[in-house]
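Mapping of the sequence shown onto UniProt numbering: position 110 corresponds to residue 110, and the numbering continues sequentially without gaps.
A few of these clues could be false.
Computed list of lysine to any residue pairs in SDA-like fashion (alpha-carbon distance at most 25 angstroms, straight line) [what the hints assert, rightly or not]:
hint, residue 1, residue 2
1, Lys152, Leu185
2, Lys152, Gln133
3, Lys59, Ile44
4, Lys152, Arg49
What follows is a list of derived Cβ distance ranges for each label pair [as the list claims (entries may be wrong)]:
hint, residue 1, residue 2, range
5, Gln163, Gly41, 20 to 26 angstroms
6, Lys59, Ser121, 23 to 29 angstroms
7, Leu186, Ala80, 28 to 34 angstroms
8, Asn160, Asp53, 15 to 21 angstroms
9, Leu186, Lys45, 39 to 45 angstroms
10, Thr95, Lys164, 17 to 23 angstroms
11, Ile56, Phe171, 27 to 33 angstroms
12, Ser51, Gln182, 30 to 36 angstroms
13, Asn100, Glu62, 15 to 21 angstroms
14, Gln182, Phe132, 38 to 44 angstroms
Just so you know, the hints here were simulated from the structure itself, not pulled from any lab data.
Note that the Cβ used here is the ideal one computed from N, Cα and C, for glycine as well.
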Amino acid sequence: MENINDTGVSLSVSVQSIDEPTSPNNDTYNFLQFEDLYKNGDFIKAKARFSTDLLISIKNEEPDDFYESYTLSTYNKYYADYGIASGEWLNDLLTQNLNNVAIVCGILKILSFVEFSKLQSFARTMLMICIFQYEKHPDVEIAEQIIKCIEKWNDKAFINTLQKMNCEIGFIDLYKDLVLEQLQLL
1 MENINDTGVS LSVSVQSIDE PTSPNNDTYN FLQFEDLYKN GDFIKAKARF
51 STDLLISIKN EEPDDFYESY TLSTYNKYYA DYGIASGEWL NDLLTQNLNN
101 VAIVCGILKI LSFVEFSKLQ SFARTMLMIC IFQYEKHPDV EIAEQIIKCI
151 EKWNDKAFIN TLQKMNCEIG FIDLYKDLVL EQLQLL
């Protein structure tokens, strides 16, 4: 279905029956719900709240217990409410903050803890953006989070990506090699 909104932008989405529940595990939007949110500006407001809430939680995050973190629960709340759009917002947040190591690492942590299938289309792109940024401006924290992300996804499709990643820091290079060995055993 195609619809032209009041800004002249063409919206093309899959339509579900109103009675069919929206599942956050697929890319099908409940068109009527998102069209209404977009028309009255709530969608844009939700994206702004998402960015603000996530940036605040990343900046205040305790590094030791991310699995039980406020940042992860904040992201999951927005994912439950807005589905795959939250992945798009996360991608925007990453590209706007590439020079901030803490935010990049926080987003990589989210990616590593969110079920890969939920964000597959965005996760690969965001990971590659982080790798390119790391190649331009090496940082031990970013390198470690990139490798952790690949390790937690446990997908051998990332073997080649990890092999090409240049790690000049001894313990990070060893960690990368360990993860490569694990992936090659899959």
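Hints, one by one, checked against the model:
| no. | hint | verdict |
| --- | --- | --- |
| 1 | Lys152 <-> Leu185 | holds (15 angstroms) |
| 2 | Lys152 <-> Gln133 | holds (21 angstroms) |
| 3 | Lys59 <-> Ile44 | holds (23 angstroms) |
| 4 | Lys152 <-> Arg49 | violated (28 angstroms) |
| 5 | Gln163 <-> Gly41: 20 to 26 angstroms | violated (46 angstroms) |
| 6 | Lys59 <-> Ser121: 23 to 29 angstroms | holds (27 angstroms) |
| 7 | Leu186 <-> Ala80: 28 to 34 angstroms | holds (30 angstroms) |
| 8 | Asn160 <-> Asp53: 15 to 21 angstroms | violated (35 angstroms) |
| 9 | Leu186 <-> Lys45: 39 to 45 angstroms | holds (43 angstroms) |
| 10 | Thr95 <-> Lys164: 17 to 23 angstroms | holds (21 angstroms) |
| 11 | Ile56 <-> Phe171: 27 to 33 angstroms | holds (31 angstroms) |
| 12 | Ser51 <-> Gln182: 30 to 36 angstroms | holds (34 angstroms) |
| 13 | Asn100 <-> Glu62: 15 to 21 angstroms | holds (18 angstroms) |
| 14 | Gln182 <-> Phe132: 38 to 44 angstroms | violated (24 angstroms) |
The structure fails hints 4, 5, 8, 14 (numbered hints given earlier, in ascending order).
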